Amino acid sequence: MESKVVIVTGASRGIGLAAAKDLLAASHKVVLVSRSAEQLQELKEQFSSQVAYLAADLTVADTPGPPLTCPKTAFRATELALLTFGRLDGVIINHGVLSPMSRIENASVEEWKKLYDANFFSALALAKETIPHLRASKGRMIFTSSGAATSAYTAWGAYGSSKAALNSLARHIAVEEPDITTVAISPGRVDTDMQKEIRDQGAAMSPKDYETFKSDFEQGRLVKPEESGGVIAKLSVDAKPELSGNYFKWDAPVLAEYR
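Taking the numbering used here, I'd label the letters of the sequence shown as residues 589 to 847.
Bear in mind the hints are in silico, worked out from the structure with no lab data behind them.
Only a predicted model underlies this, so the values are computations on that prediction, with no experimental measurement involved.
Just so you know, not all the hints are guaranteed correct.
[Unchecked claim] No more than 25 Å apart at the CA atoms, straight line, and that leaves these computed lysine-lysine pairs for BS3-like: (1) K784 with K726; (2) K828 with K802; (3) K716 with K702; (4) K701 with K784; (5) K726 with K796; (6) K701 with K632; (7) K726 with K702; (8) K828 with K796; (9) K796 with K837.
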């Protein structure tokens with residue numbers, strides 16, 4: 589396969605790191621974006637000619653003031669891909685947060701806004717910035733979504749609704765940009781820091797739902813980051829156009845060739 593250039597956000601751990609490693613192992617070039625630089629630098633040292641990275645927060649502005657979506661970071665990541673590798677073929681929009689976890693009657697609107705900055709508006713900023721370049725390369729845009737986008741859990745209103753909005757964004761990009769293959773993927777219950785956060789801070793959830801997450805961990809049923817991350821990586825360079833506009837679970841039969 590021809591070497592492709594892919595931006596990966598949330599690349600320092602979990603699904604993003606697994607996707608980045610999968611792409612690098614397949615000789616692709618990656619631009620890694622994460623708030624933490626340590627893991628990104630390690631990959632740069634290991635794959636010097638294949639890696640460029642940007643240690644930045646997509647949801648914090650470069651000027652004083654309250655948190656907000658930072659289009660400058662989206663621009664810098666896109667510019668880094670073009671200046672370093674000369675093109676852009678794929679984007680994996682993978683970053684996001686779970687908290688606040690609270691019932692809607694107890695919700696803080698300001699906290700919801702911050703979560704939407706992290707999970708939706710920063711994704712929109714990066715999508716908007718990369719569309720012209722992906723259109724030119726007939727590339728792929730892959731969103732890491734969640735089963736919570738189509739289900740409901742007590743205390744997950746902010747997270748679940750933000751992921752549902754992400755799915756809708758993917759559908760609208762697919763309609764407006766037929767030359768870009770755009771897919772949203774639920775990675776399953778993955779053994780990452782977010783699952784630990786659920787186990788440690790899930791007191792506001794219903795006891796029944798909380799116990800299912802705890803039991804999946806204790807019984808070894810969590811998905812490994814390399815499993816769903818590998819599917820996301822392969823889709824970012826080789827997703828078929830007929831998949832565009834859809835939301836899939838990572839292990840859906842239609843995605844068997846990407847596993």
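To see whether the hints hold, each was checked on the structure:
1. K784 with K726: 38 Å, violated
2. K828 with K802: 36 Å, violated
3. K716 with K702: 20 Å, holds
4. K701 with K784: 23 Å, holds
5. K726 with K796: Since the Cα atoms of K726 and K796 sit roughly 45 Å apart, the hinted pair is violated (cutoff 25 Å).
6. K701 with K632: 34 Å, violated
7. K726 with K702: Violated, at about 33 Å.
8. K828 with K796: Violated, at about 39 Å.
9. K796 with K837: 23 Å, holds
Checked against the numbered hints listed earlier, the structure breaks hints 1, 2, 5, 6, 7, 8; every other hint is satisfied.
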